[in-house]
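Line order of the protein sequences matches chains G and F. Following our numbering, the numbering of the first sequence begins with 3 at its first residue and continues without gaps. Following our numbering, the numbering of the second sequence begins with 41 at its first residue and continues without gaps.
Quick caveat, the hints were computed from the structure, so don't treat them as lab data. For every residue, glycine included, the Cβ atom is placed at its ideal position computed from N, Cα and C. A portion of the hints provided could be inaccurate.
[To be verified] Ranges between beta-carbon positions, derived for each pair:
1) G:R244 <-> F:E290: 32 to 38 Å
2) G:E36 <-> F:E255: 47 to 53 Å
3) F:D48 <-> G:R244: 51 to 57 Å
4) F:H90 <-> G:D181: 55 to 61 Å
5) G:P154 <-> F:G334: 43 to 49 Å
6) F:E255 <-> G:T104: 44 to 50 Å
7) G:A243 <-> F:D67: 53 to 59 Å
8) G:P27 <-> F:S51: 41 to 47 Å
9) G:D181 <-> F:P311: 33 to 39 Å
10) G:G28 <-> F:D48: 43 to 49 Å
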Amino acid sequence: MDILPDGAIRAVRLDGHVCWLVSAPGMYAQAAPELLAEGQRLGQMCVVFAPGREPADVAGGRLDPAQVLRAVTDARNRASAEGFSGVRILADMDWLLPARPTTGDIVRLELMLDRLLTAEPDVTVVCAYRSSSFDTGQIAAALVAHPVVSGPVERPQFRFVAGTAEWLLSGEVDARVRDVFEDVIRAALAHGPQVIDVSELDFIDVSGVRAVVTGGRSDGGIVLKGVSPALRRLWEVSGFARSAPMVRLTDDRTLERS
Amino acid sequence: MAIGSLRDIGSREHVVQFYQDDADLADKVADYVRDAVRDGGVAIVIAAPHHRLAFRERLTGSGVDMAAASASGAYLEFDAEDTLRRFMAGDTPDPASFDTVVGRVIRAAAEGGRQVRAYGEMVALLWDAGLVTAAIELEAMWNDLGRAEAFSLFCGYPLDSVTDPAQSHALAEVCGQHASVLDSPSPVQARTFSASLDSVTDARHFVTRTLREWEVADPSADAALSVTEFAANAVLHGRSAFTVTLLTTEDTVRITVRDSAPFPPGTSSLPVRPLHGLGAVAAMARRWGVEPLGASGKLVWCELAR
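Only chain F is shown next, with the shape it has when bound in the complex (with noise of 0.2 Å):
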């Protein structure tokens, strides 16, 4: 999705930004949380203590008086990591005490309907702490909040942490958790759908106008056929919405899809027929997977040679 600027974000989109150094991330904080602070809204910070006070000096720096702002309560802040060990259950982010820890904050910041906007790192300490998985569900969990209040999410990730081609897997599937995506290493688009059957032959056009904008002609029949099994699958057996992600790097195209339909219980995998959709995605791809993801969901993805 096109952005032009972070301050511009819809009232309840969940944005990944990819950020060169910590400047550039001071920047892109204060443009984005400025006018919610100034205008009645909330500002909710989750930052690295050295992020935090570069906000605050870029914030100053702009006119904003930040001792009213949080005396008021319009700019609160959090430190990232002490907030994170509050719902984190071993290498888990625990789903209820994340809503107890962060849900709480956020649901009494929208009180009244005002405007929140929010910004955190802490999926990005999951990341860098390998927990890639804890860092998909921890974004899920954003998005279940998302769904109940309003708020917008900007998520922030430092670019060196994500170049890395052996983690093109996992930063798709991050980037298949939110809504826009800025300032990638890699190109990718993620596109959100919803649960009725139109879905499934958009988020194919989705694909193949995406991958012709790239340029990517190749993998271009087995991308359209394998996103059209995922999305049916999420559409007539999962009975969700789903998010479609497209990524590409040098010698591969990754789809991924997610949706909100756990797997039922005592299962763990997707039925893998010949002459059914998975099967022949499975005989097409590289690679494949499922990935569950609790009772958020669950990411089916595939990468296709290039």
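So here's chain G without its partners, still in its complex pose (with noise of 0.2 Å):
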């Protein structure tokens, strides 16, 4: 995971989903436009879903992911259409984001667009959160789920985020995080692929491995990918084994077709 420091944020170019935590009053109204200008000079498209700059397709303050991943995918059409390098998005999120948004609607938000920009490596979203307006467990679920973060923060205890036809867990699951890891499993099973790859995963406890073999869909097993020979064996010892046989286990980063 890339951590961009405080300010960096209008210097360093600027690839696929960042999150942007805007630590300082003023900091946003001042690096906007920067960031913006910086895109055009890139030959990029630049769209800005902020109040008084909205585009028609969306609408702040509604708890709608579709509705911005469709905004997404227009924007990118247009750019194609227009001849653009890429686009580059500056979503702010005080004013996309429902008031008080609870941190299961940021990963379920974060994670979506996430998986949608695997796909497309000419769109750049930067999602930027204000301290001031989100707390800390808010901002710690929005940094779950991306893949580069600009701003004065430690890493992420666990990271979730797409892979190509997958989702990527990486670092620790514990008790610390457990609130969040529940939020994002759900949302990832719930709209994506149900295949983890887990080879970078440090470590997981047991109410982590719970919150997977709970969180998948019922209609599909889940399998997880790149399993470390401690997962496996918490897995047996624990009996998962014996009582989630839904959930397929392999060592293997590449997935076995069946």
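Work from the hints to combine the two standalone chains into their complex.
Right, dumping it as structure tokens:
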């Protein structure tokens, strides 16, 4: 995971799905125009999801990830029709999200966006979260689901982002992050592939495994790829091997086709 | 915790020192209390007669006027066996009597913010008498007193009484009652964590880092899981700060987590279910258990094969 230092948001070439933690008052107003100017210099079409600038197809304050995804896809189509090199979208999350979003609301939107962006290499979305508007739990939820973060933050304890055809879970999952992890699993497995690559997962506790087992859709099995010996042992001694036959574990990162 | 010398023990620290012989102990105790006696603090020594004599000789030899220190109340001595007898009820120390007998002395000494350095070997007497559970309970009472009053405590254990491998279990528990452990016969580390969810992660990192330092590779994943589950129970269910003690012998790694949440009345164990934390630890461990410490809380421990 890339964590860019505070202020780097305007200096660095941004790519993909970026969480911008706006840590000081006035920082957004100052840096946002520079961020967009840089996009224009790179030949990107720039779109802003913010009050006063909103595109016709996005309404702020609603919890509707589908409209956000549609707007991103529309922007990309428009950009390629008009000959832009790509799209840079700045989303003011204060405006885009409803008031007092739950951590579940945040991860659902961000994971769906992250999944969409894996298939859209020319689209960059910068999600701007003001630390004055979101509490630490909400910020933590947002950080988990972004491959790139800019701001004065510590590395999140675990990260859950979209891979090409699976989810990538890395870091450490324990009681400290249990609530966010359960939100993430619920949102990811409800709206995406039922395959999680755990080869970069350093630790998971029993409740974390339970969250994975119980978080899947009822219509399909879950696959865990790149399972470490430690996780396999936990799986077997804790009784999951017997009680959760719908979950398949493979040591391989490459998923065998069945 | 690394401490350069017993002189540097913090004002509220509770340290266990394993010692080779009486001369070694006398050097360490003299080093520990000397500054307090000289600089307006109070030293409280609860020890066997021959130890008290040896301490006096060492202190006198290093220029402390012991007659003046005793007369002014800067150096207080008590006999370990007599003192112990005054608060034991059968084979168990009685908390109220302990407070009357020991708590009163400590409170009087600490009055006015004086530095208090206590040395005791009553716990070692209980250990030697085979009353290991009583020894652990007494350590817990000292810890409770330490939360109310500012004093440092130095517990002496003769090394030869704790080197029996069959006692490594009890040794770990005694070490787990202390903020620092010096010169233990087996590699042992203890650390106390606050009652927050961050501590669950911190406790795991403490265990994995310590095992790495000891170059113990094998049960590292099981150890990480065990301490995480124990710590999560202490914080989420006990809402308690907790102390993790890690001890290795030739063929085991032992993890003890002590919290200050007693069992609810009428219960004496923790639920062990499949697909839950303790169930996993129970399945991984060679042995494991839970021990109530009366009103002081409880100990949860496991032994993992190396």
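Hints, verified against the model:
| no. | hint | verdict |
| --- | --- | --- |
| 1 | G:R244 <-> F:E290: 32 to 38 Å | 34 Å, holds |
| 2 | G:E36 <-> F:E255: 47 to 53 Å | 51 Å, holds |
| 3 | F:D48 <-> G:R244: 51 to 57 Å | 54 Å, holds |
| 4 | F:H90 <-> G:D181: 55 to 61 Å | 59 Å, holds |
| 5 | G:P154 <-> F:G334: 43 to 49 Å | 47 Å, holds |
| 6 | F:E255 <-> G:T104: 44 to 50 Å | 45 Å, holds |
| 7 | G:A243 <-> F:D67: 53 to 59 Å | 57 Å, holds |
| 8 | G:P27 <-> F:S51: 41 to 47 Å | 42 Å, holds |
| 9 | G:D181 <-> F:P311: 33 to 39 Å | 22 Å, violated |
| 10 | G:G28 <-> F:D48: 43 to 49 Å | 48 Å, holds |
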